[in-house]
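Protein chains: 2
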Amino acid sequence: MATAVQNEPVLIAGRWQASHGTETFQALNPTTLEPLPPQYPVSTWEDCEAALAAAVDAAARLRQLPAARIAQFLDTYADLIDANMAEIAELAHQETALPIEPRLAKVEGPRTSNQLRQAAAAAREGTWAMPTIDTKLNIRSCYEPIGPVIVFGPNNFPLAFGSVSGGDFAAAIAAGNPVIGKANTSHPGTTRKLAELARQAASQTGLPEATVQLIYRTSHADGERLVSDRRTGAVGYTGSRKAGLVLKAAADKVGKPIYLELSSVNPVVMLPGALRERGEKLVDEFMTSVLMGTGQFCTNPGLVLALSGQETETFIDSVRQRMSANEPGVLLSPSVQQSLVAAVDTLVRAGAELLCGGQARQGRCAVENTLLRTSAEAFLRQPEVFQTEAFGNASLVVVADTIDQLADVLRHLEGNLTGCICSAEDGSDDPHYPALASILTQRVGRLLNDKMPTGVAVSPAMNHGGPFPATGHPGFTAVGIPASIHRFAKLTCYDGVRQGRLPWLLQDKNPTGSTWRYIDGKWTTADVDG
Amino acid sequence: MATAVQNEPVLIAGRWQASHGTETFQALNPTTLEPLPPQYPVSTWEDCEAALAAAVDAAARLRQLPAARIAQFLDTYADLIDANMAEIAELAHQETALPIEPRLAKVEGPRTSNQLRQAAAAAREGTWAMPTIDTKLNIRSCYEPIGPVIVFGPNNFPLAFGSVSGGDFAAAIAAGNPVIGKANTSHPGTTRKLAELARQAASQTGLPEATVQLIYRTSHADGERLVSDRRTGAVGYTGSRKAGLVLKAAADKVGKPIYLELSSVNPVVMLPGALRERGEKLVDEFMTSVLMGTGQFCTNPGLVLALSGQETETFIDSVRQRMSANEPGVLLSPSVQQSLVAAVDTLVRAGAELLCGGQARQGRCAVENTLLRTSAEAFLRQPEVFQTEAFGNASLVVVADTIDQLADVLRHLEGNLTGCICSAEDGSDDPHYPALASILTQRVGRLLNDKMPTGVAVSPAMNHGGPFPATGHPGFTAVGIPASIHRFAKLTCYDGVRQGRLPWLLQDKNPTGSTWRYIDGKWTTADVDG
Chain W
64 MATAVQNEPV LIAGRWQASH GTETFQALNP TTLEPLPPQY PVSTWEDCEA ALAAAVDAAA
124 RLRQLPAARI AQFLDTYADL IDANMAEIAE LAHQETALPI EPRLAKVEGP RTSNQLRQAA
184 AAAREGTWAM PTIDTKLNIR SCYEPIGPVI VFGPNNFPLA FGSVSGGDFA AAIAAGNPVI
244 GKANTSHPGT TRKLAELARQ AASQTGLPEA TVQLIYRTSH ADGERLVSDR RTGAVGYTGS
304 RKAGLVLKAA ADKVGKPIYL ELSSVNPVVM LPGALRERGE KLVDEFMTSV LMGTGQFCTN
364 PGLVLALSGQ ETETFIDSVR QRMSANEPGV LLSPSVQQSL VAAVDTLVRA GAELLCGGQA
424 RQGRCAVENT LLRTSAEAFL RQPEVFQTEA FGNASLVVVA DTIDQLADVL RHLEGNLTGC
484 ICSAEDGSDD PHYPALASIL TQRVGRLLND KMPTGVAVSP AMNHGGPFPA TGHPGFTAVG
544 IPASIHRFAK LTCYDGVRQG RLPWLLQDKN PTGSTWRYID GKWTTADVDG
Chain Y
64 MATAVQNEPV LIAGRWQASH GTETFQALNP TTLEPLPPQY PVSTWEDCEA ALAAAVDAAA
124 RLRQLPAARI AQFLDTYADL IDANMAEIAE LAHQETALPI EPRLAKVEGP RTSNQLRQAA
184 AAAREGTWAM PTIDTKLNIR SCYEPIGPVI VFGPNNFPLA FGSVSGGDFA AAIAAGNPVI
244 GKANTSHPGT TRKLAELARQ AASQTGLPEA TVQLIYRTSH ADGERLVSDR RTGAVGYTGS
304 RKAGLVLKAA ADKVGKPIYL ELSSVNPVVM LPGALRERGE KLVDEFMTSV LMGTGQFCTN
364 PGLVLALSGQ ETETFIDSVR QRMSANEPGV LLSPSVQQSL VAAVDTLVRA GAELLCGGQA
424 RQGRCAVENT LLRTSAEAFL RQPEVFQTEA FGNASLVVVA DTIDQLADVL RHLEGNLTGC
484 ICSAEDGSDD PHYPALASIL TQRVGRLLND KMPTGVAVSP AMNHGGPFPA TGHPGFTAVG
544 IPASIHRFAK LTCYDGVRQG RLPWLLQDKN PTGSTWRYID GKWTTADVDG
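Each protein sequence line maps, in turn, to chains W and Y.
First residue of the first sequence: 64, per the numbering used here; consecutive thereafter.
First residue of the second sequence: 64, per the numbering used here; consecutive thereafter.
The set of hints was computed from the structure by calculation and includes no laboratory data.
One or more of the hints may lead you astray.
Since the list gives no way to pick out one identical chain from another, each pair is judged satisfied if it fits inside one copy or across any two copies.
With a straight-line Cα cutoff of 25 Å, these simulated DMTMM-like cross-link-like pairs (lysine to aspartate or glutamate) come out [what the hints assert, rightly or not]:
| id | residue 1 | residue 2 |
| --- | --- | --- |
| 1 | K305 | D292 |
| 2 | K585 | D571 |
| 3 | K572 | D513 |
| 4 | K169 | E150 |
| 5 | K169 | D292 |
| 6 | K585 | D464 |
| 7 | K585 | E207 |
| 8 | K199 | E112 |
| 9 | K256 | E343 |
| 10 | K316 | E287 |
| 11 | K316 | D285 |
| 12 | K344 | D464 |
| 13 | K305 | E287 |
| 14 | K572 | D493 |
| 15 | K199 | D513 |
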């Protein structure tokens, strides 16, 4: 006789409460392929409606609070994450199969709390809002909160890009907005734990209870309704291209800013001089990058471009040997496994040669490490198909006969997050660099020299973005404070507004003594008339 | 026997050439209601294709030029506009009926050349690109040209917002992009003259010939194809909401940034203390603002909110008397006239009381100065209908019984470019200000105190933007350099890129000695290590 199952609650208006939904789902442990016990509800519109109503209220109350209080919340939340790292990493490991150490507890976890602390510092200082003052005309402007932000987190970074803990969350909160998190359904338990810590931090620092809310899943129709609701301010989405484009269409229709991170094959150009000079080192670097996290990184090097020649053959052969010798890592879910096999199949059917791997492992959530190869000529006949993203531990090498042909391949690339050119230290590749770089730069958000794309530092100078379809708008970054915060803000101008009525950042006196403001065409930390 | 008519040429790839289109249209002189002789072609896709191909080439060549050369072009073009102001103003007057003096020759013309010179200065200095450097990680980023920009200019500012001379044009060029101008079909001759001056300036300063191109009209289908073409970088559109939303849908679908300025009723709250204190002065200011340019401004005060009471009745009656006594100005076109009459009719059918005007003038392109009135209660029953934009010399006064009801009206406003609160100098309205301002600020791009919204200064602190449907994204401004330039740029990050390969703005040495760069969290004009 079955025990009555208690469904997990959703977090709405500061309270863990039963969802209005009756349908449920379970997460899966990818290591064991066994479902995990908790039953998570599929929310109905009633849940969304309640969350939106509470978020509107929270948004109004957040606007009345000093930014320092929001900063305090982010710092407190970061401390709570650090203090609970063992439990968080264990939960995330069960749901994603990502290793507890170093990945979850020593890399992604600290990155997450560090990012929250950077967001806290940015909120406290206010420079992110680009306060701009024209003293002669008494016109002043700055970025302000945009309203409730809906965050859809991806499957591959349960903490650092998580819907209630990651980069979008940190940026949206730093801008002064409440967040409604839509958990990635592959790690609901991890997200639930993080939401609980966020709730606790909000309570400890006196933030509105609905500053952070959490639902786990909705119908597609309710998802579209949520992102296009009048009360929604903006949306952050990281995930599959297909689902992202559906949400984008719904949000675009009603002019809601939606920031998407969709897909990227991250081309790496291996120039012949570099391969001759340091071929084995490049194999090492590439292997680390392409297999890190079982290749499930947005910036995974899925496409390698090289010129035909012995050094390229040596590179390919070394990679193939090492890929074949390496035991494949566990993938995030059977669905990732299926998509990866399907993508490899698409590439093979298009004419790519399968050098190794390509098969799912029996009884494991894994696919053999996969290397494919094709010619530039073939690529140019079907450029779209050959840019199929094989999300996971796989990469396609495109071999061109000439530099011009390689340049032509670059010209046919879709928008990507990153592009890399490895060239010789001795200058022997330099004649080719300018033309290739000038084409590649236009197609990527970040151009790298001589290093692999998988490290995405949380730096003010980072751009984790790029032209469509890598993202929805090439002017924004999802990583890197303060720039990432702009996405969740509206520009507001105060024209002739009386001094005492101006927001703190725009009053004559520098609000912190160290806030950078653009006053009469100069960036300064001085007061107006100071 | 009819003389064979020579159609006006389009400007493609630096040459005035016959359009591939055979269909033509003529502009109309709104003062005489007579068609003007020149026949302008409706371009077919062949024209668009040729313009796009030339623009791609120009974009690549512009990227190789120093920014100072682009600045030189903008300055030269500004000088040519000033030198040809008499002819430009005469042409624009014929096509729009806007007065030669002061409007065209003394106000809009100088604003246009001044704006181009500000764009030149911004391009030369480079601060607009927000060069950001992380010296520790050697990650550097800045904004770069986004690619060919299509600009659709509005009917109401033939020069300052014109497709080849206005704010979008100046911003797109300053960012380093070529522009394909789509003339507003109500002033093709003015736009042609301006394009000729731009072509001349490009030739004098050695810019690619296709830096500025011009077509006059396309089919709707070709317009959608143009904005969504793979080669298009971004789009600037100012015009009707309906046409704008069709272009937005096409551009959004393929992730092309499109910046729109669509419609706005620009609410003005007249608080009772202000009306008691300086009622006649407010009537003067309002009259000037609402009838300026026959009310055909994006920031025209089309909606007045006031509390019921004697001072409001006095205000309304004064405005009504003065509107009735004033001869209405000529409108931009019969189509503007028809839309205005239709909008007034919509408001009246919704229950608004017509206090004066509302009728088209027989045999003239004009509508009587129009004032309407309704109650907040009625407004709240049909908030969407009562926000119908009556583009032209018309305004609707909404009278609320209580401040709470007035606040409720504000809560039901769509996104607007501006919102204004007039309050007493003596502080008697101050108790009401915070609540009203906090609601209004969220619904507008620019909040004004005690001044009318029609002046849009070209200031770094200006925001000519606002939440949907005023524009397509609340984070961008169409007026105000340097911020307006960001719209036509992509963010590009250089990660570990060798020093000699970095763009000029990101090299260690400050490129001009005066460019502001965000280095390791501080804005500075110093060199790296400087």
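Comparing the hints with the structure gives:
1. Proximity of K305 and D292 under a CA criterion of 25 Å is satisfied in both settings, with 21 Å inside one chain copy and 21 Å between copies.
2. Proximity of K585 and D571 under a CA criterion of 25 Å is satisfied in both settings, with 15 Å inside one chain copy and 20 Å between copies.
3. In this assembly of identical chains, the alpha carbons of K572 and D513 lie at most 25 Å apart only when taken from different copies (23 Å versus 46 Å within one copy).
4. Taking identical chains as interchangeable, the C-alpha atoms of K169 and E150 lie at most 25 Å apart only when both belong to the same chain, with a minimum of 13 Å there against 70 Å between chains.
5. Within a single copy, K169 and D292 get their C-alpha atoms no closer than 39 Å, and across copies no closer than 45 Å, so neither meets the 25 Å cut-off.
6. Proximity of K585 to D464 under the C-alpha cut-off of 25 Å is found in neither arrangement, the shortest distances being 51 Å within a copy and 47 Å between copies.
7. Within a single copy, K585 and E207 get their C-alpha atoms as close as 21 Å, and across copies as close as 21 Å, so both meet the 25 Å cut-off.
8. Taking identical chains as interchangeable, the C-alpha atoms of K199 and E112 are never at most 25 Å apart, the minima being 46 Å within one chain and 46 Å between chains.
9. When the C-alpha separation of K256 and E343 is checked against a cutoff of 25 Å, the pair qualifies neither within a copy, at 43 Å, nor between copies, at 62 Å.
10. For a Cα distance limit of 25 Å, the shortest separation of K316 from E287 qualifies both inside one copy, at 11 Å, and across copies, at 16 Å.
11. Taking identical chains as interchangeable, the C-alpha atoms of K316 and D285 lie at most 25 Å apart whether they share a chain (16 Å) or sit on different chains (21 Å).
12. With identical chains, the CA atoms of K344 and D464 are at most 25 Å apart within one copy only, with a shortest distance of 24 Å there and 77 Å across copies.
13. For the identical chains of this complex, K305 and E287 are neighbours both inside a copy (13 Å) and across copies (23 Å), given an alpha-carbon limit of 25 Å.
14. With identical chains, the CA atoms of K572 and D493 are at most 25 Å apart between copies only, with a shortest distance of 22 Å across copies and 51 Å within one.
15. When the C-alpha separation of K199 and D513 is checked against a cutoff of 25 Å, the pair qualifies only between copies, where the shortest distance is 17 Å, while the shortest distance within a copy is 49 Å.
In the structure shown, a violation is registered for the earlier hints numbered 5, 6, 8 and 9, in ascending order.
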